[in-house]
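Engineer: These protein sequence lines map, in sequence, to chains A and B.
Positions in the first sequence are counted from 1; adding 197 to them yields this note's numbering.
Positions in the second sequence are counted from 1; adding 7 to them yields this note's numbering.
Derived from the structure by calculation, the hints contain no laboratory data.
These numbers come from a predicted model, not from an experiment.
Misleading hints may appear alongside valid ones.
Partial chain A-side listing against chain B, Cβ under 10 Å, derived [as the list claims (entries may be wrong)]:
1. Met247
2. Leu261
3. Asp264
4. Arg289
5. Phe314
6. Phe315
Pairwise CB distance ranges, derived in the manner of DEER restraints [to be verified]:
7. A:Glu223 <-> B:Lys102: 43 to 51 Å
8. B:Ser99 <-> A:Leu295: 38 to 46 Å
9. A:Asn271 <-> B:Leu16: 21 to 29 Å
10. A:Ile313 <-> B:Phe28: 29 to 37 Å
11. B:Leu124 <-> A:Asn243: 48 to 56 Å
12. A:Ile239 <-> B:Lys11: 30 to 38 Å
Computed list of lysine to any residue pairs in SDA-like fashion (alpha-carbon distance at most 20 Å, straight line) [stated by the list, open to error]:
13. B:Lys48 <-> A:Gly291
14. B:Lys135 <-> A:Arg236
15. B:Lys102 <-> B:Ser158
16. A:Lys277 <-> A:Arg236
17. B:Lys135 <-> A:Leu261
18. A:Lys263 <-> B:Asn136
19. B:Lys161 <-> A:Asp288
20. A:Lys263 <-> A:Ser221
21. B:Lys175 <-> B:Asn37
22. B:Lys111 <-> A:Lys277
23. B:Lys111 <-> A:Asn258
Using N, Cα and C, we set each Cβ at its ideal position, and we do this for glycine too.
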Amino acid sequence: MKNKFFLLIIIFFLTLYVNNDLYSVEPDEILQNTKQEERARIISKNIRCMVCQNQSIDESNSPLAKDLRVLIRNKILDEKNDREIYQFLTDRYGDFILLKPPIKSNTLLLWFLPVIFFLLGIYVVFFHDNKFKKLK
Amino acid sequence: MLKKEILLLPLIIFLFILITFFYLLKIERNPSEIPSNLINKNVPIFEAESLLKKDTFISSQEFGREIIIVNFFATWCKPCRDEHKFIKRFSSKNKIRVIGINYKDNSKKTVQWLKKLGNPYSNIPLDKNGSIAIEWGVYGIPETFIVNSNSMIKYRHVGPINKNVYNKIIKMIKNMK
Numbered sequence: 198m199k200n201k202f203f204l205l206i207i208i209f210f211l212t213l214y215v216n217n218d219l220y221s222v223e224p225d226e227i228l229q230n231t232k233q234e235e236r237a238r239i240i241s242k243n244i245r246c247m248v249c250q251n252q253s254i255d256e257s258n259s260p261l262a263k264d265l266r267v268l269i270r271n272k273i274l275d276e277k278n279d280r281e282i283y284q285f286l287t288d289r290y291g292d293f294i295l296l297k298p299p300i301k302s303n304t305l306l307l308w309f310l311p312v313i314f315f316l317l318g319i320y321v322v323f324f325h326d327n328k329f330k331k332l333k
Numbered sequence: 008m009l010k011k012e013i014l015l016l017p018l019i020i021f022l023f024i025l026i027t028f029f030y031l032l033k034i035e036r037n038p039s040e041i042p043s044n045l046i047n048k049n050v051p052i053f054e055a056e057s058l059l060k061k062d063t064f065i066s067s068q069e070f071g072r073e074i075i076i077v078n079f080f081a082t083w084c085k086p087c088r089d090e091h092k093f094i095k096r097f098s099s100k101n102k103i104r105v106i107g108i109n110y111k112d113n114s115k116k117t118v119q120w121l122k123k124l125g126n127p128y129s130n131i132p133l134d135k136n137g138s139i140a141i142e143w144g145v146y147g148i149p150e151t152f153i154v155n156s157n158s159m160i161k162y163r164h165v166g167p168i169n170k171n172v173y174n175k176i177i178k179m180i181k182n183m184k
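Build the full structure now, drawing on both the sequences and the hints.
Structural biologist: Structure follows, in structure tokens:
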């Protein structure tokens, strides 16, 4: 009984995992050309919804997210490349609109602090280990 | 000796992080307010239908002569109604030109709304599909901008204007003159 219950819980979380590719793109937004649509989806996944802030515009159903999704698709139809589209958005909303912050002088700490902490951790563990061996 | 100091390092870092968080909690700020990327940049160029005037609203003809307040508003937005008395005070009491950009709204309702609450706006371009708002980096109305006499955006406020923000804006504009 306990095992079955446990299995059910695992299945439940597995289904959550499988279904996590939820998106809010509405049928009328989708581009005819599948390649262009794919590009639009990839860009949308990297763009933050400024209203909900922790979702991408691909997942968000806020009106602004929809406007931006349509705008991205229109820019693709205008034959703008990805860089130009990202540039257009960051010019207006700043780097905050990108879900992945770019590596810049003011984001160096953000990018490299985890590595530094990791190395520090190894260093501390190593020293601790040596001490422990000596005590033995 | 060195080993001991290194073992203390995590504690020092932890304390540093703790103090930083406390500081961020204590100081008065709104973490959901995102700084505008358009500060010290020129106003976006746009043209739009005007609510009250026959001529098309052309941004390059409106900005650049005096300090102008730009206010994004809509009749369906409750905070816009709340801040309206302050917007009126900008134009009536302080004689500052206010341009109201009507965001995704019904023009008939807007006319009625302004008749009822008063019209502080010298011109009202209509942003029917929200594209002007995107040009201005707007993400939640009401939003208010100060544009200086060189067409440069100097300040952006997200959310309704209250007494504090009103006083702040008046002070900023006085200093700009």
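Engineer: Evaluate each hint against the coordinates.
Structural biologist: Results of checking the hints against the structure:
{"no.": "1", "hint": "Met247", "verdict": "4 Å, holds"}
{"no.": "2", "hint": "Leu261", "verdict": "6 Å, holds"}
{"no.": "3", "hint": "Asp264", "verdict": "5 Å, holds"}
{"no.": "4", "hint": "Arg289", "verdict": "4 Å, holds"}
{"no.": "5", "hint": "Phe314", "verdict": "8 Å, holds"}
{"no.": "6", "hint": "Phe315", "verdict": "13 Å, violated"}
{"no.": "7", "hint": "A:Glu223 <-> B:Lys102: 43 to 51 Å", "verdict": "46 Å, holds"}
{"no.": "8", "hint": "B:Ser99 <-> A:Leu295: 38 to 46 Å", "verdict": "42 Å, holds"}
{"no.": "9", "hint": "A:Asn271 <-> B:Leu16: 21 to 29 Å", "verdict": "52 Å, violated"}
{"no.": "10", "hint": "A:Ile313 <-> B:Phe28: 29 to 37 Å", "verdict": "19 Å, violated"}
{"no.": "11", "hint": "B:Leu124 <-> A:Asn243: 48 to 56 Å", "verdict": "41 Å, violated"}
{"no.": "12", "hint": "A:Ile239 <-> B:Lys11: 30 to 38 Å", "verdict": "51 Å, violated"}
{"no.": "13", "hint": "B:Lys48 <-> A:Gly291", "verdict": "13 Å, holds"}
{"no.": "14", "hint": "B:Lys135 <-> A:Arg236", "verdict": "27 Å, violated"}
{"no.": "15", "hint": "B:Lys102 <-> B:Ser158", "verdict": "18 Å, holds"}
{"no.": "16", "hint": "A:Lys277 <-> A:Arg236", "verdict": "11 Å, holds"}
{"no.": "17", "hint": "B:Lys135 <-> A:Leu261", "verdict": "13 Å, holds"}
{"no.": "18", "hint": "A:Lys263 <-> B:Asn136", "verdict": "11 Å, holds"}
{"no.": "19", "hint": "B:Lys161 <-> A:Asp288", "verdict": "16 Å, holds"}
{"no.": "20", "hint": "A:Lys263 <-> A:Ser221", "verdict": "8 Å, holds"}
{"no.": "21", "hint": "B:Lys175 <-> B:Asn37", "verdict": "16 Å, holds"}
{"no.": "22", "hint": "B:Lys111 <-> A:Lys277", "verdict": "26 Å, violated"}
{"no.": "23", "hint": "B:Lys111 <-> A:Asn258", "verdict": "17 Å, holds"}
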